[in-house]
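The listed protein sequences correspond, in order, to chains A and B.
Going by this note's numbering, the residue at position 54 of the first sequence is 67; the numbering climbs one at a time, nothing skipped.
Going by this note's numbering, the residue at position 49 of the second sequence is 189; the numbering climbs one at a time, nothing skipped.
By construction, these hints were calculated from the structure, which means they are not laboratory data.
Hints may be right or wrong, so weigh each one.
For the chain B half of the interface with chain A, some residues (derived, Cβ under 8 Å), not all of them [stated by the list, open to error]:
| # | residue |
| --- | --- |
| 1 | Met179 |
| 2 | Ala186 |
| 3 | Ile219 |
| 4 | Met252 |
Every residue, glycine too, gets a C-beta built ideally from N, C-alpha and C.
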Amino acid sequence: MDPRKLIIAITLGAALAAGIFVATNMSRPAELKTAFKIPVASELPEFSLIDQSGNTVDSDTFRGQWDLVFFGFTHCPDVCPTTLQLLANVKKELAESGAEKLPRIVLVSVDPERDTPELLGRYVDYFGEGYLGVTGELDEVRKLTAALGIFFEKAPASGDNYGVDHSAAVIVLDEDGVFSALFSAPHVVANYVHDLPILMGDRQ
Amino acid sequence: MKNKAMRILLLGCVLLIAACGSDSLPPLVATDVEITATMPGGKMSAGYLSLRNNSENAISITRVTSPEFEAVEIHSSFIEDGISKMRRSDELTIAAGNTVTLQRGGLHLMLMRPTGSENDISLNFYSEETFLLTVRTSITPRGN
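Work the whole structure out from these sequences, hints included.
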């Protein structure tokens, strides 16, 4: 082979390798464990719901703090309280680790028929202070869930009781009220404690 | 006289050992029992426990009752394609020599509409009309 061609080939190869190395490292600025960052973060749509005190909840309610939003219902004895307790533990561990920002925990009812503001309030207050319980008209709940890709529907009845199937994901809304990331089940405290500071910009 | 007394003592030991042998193990044993507190404003508790079948035959639990709750059902929570679901199970079968664990996010007892006491709760397990076991426990505060 012509020595000049060989040198060009080696140079191009080295440049390619260096490019791949730089690109690979630049494309993972922070190593998230399980959180999925939404490629094109989307703002919340227009909707009108109420919180446990009867105050209006709309997209503005989600500006000014980070929110972890879980969808569930108060007649759920197993998964919903387990998940809310887990999120409470996440917040406690973040606080103990000295995190600058702590997310608010939000429960949006997928069973607004039974979940009155008063019932929802007693439910979320059990897990700690500052929780936001959201309920309201079913159509308004659907406006919010549709925008966040959350599914829910009533499940087969058991006597006079019924369940509600619902997406198990926890949605992350940033300080501008923008849907920016999500955590899929199974939910693990250590993964949240690792990923949330990265998402919230506390740790690069 | 001393030898006779010794023989009686030995016989007693043999009988005691025989009585304590594997044949005398109860067929169904419950451990790690936990009944969660009813959520404020709610009417539901969940029950978690391990059930060991010491017998040589499969045991099917078809009914659970409790004087402290109006209704008790066997439920299963599971995630299917990212959707959290809960369904009632008609029976819970434990193979011979096996243990089935009812735990968070999986099989559990759904206890509905408490009627009173939280400190002394009885759970009665049946296979059809055959009584199997009574477990006595108390409510465990959530978060523990």
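Looking back at the hints listed earlier, which ones does the structure fail to meet? none
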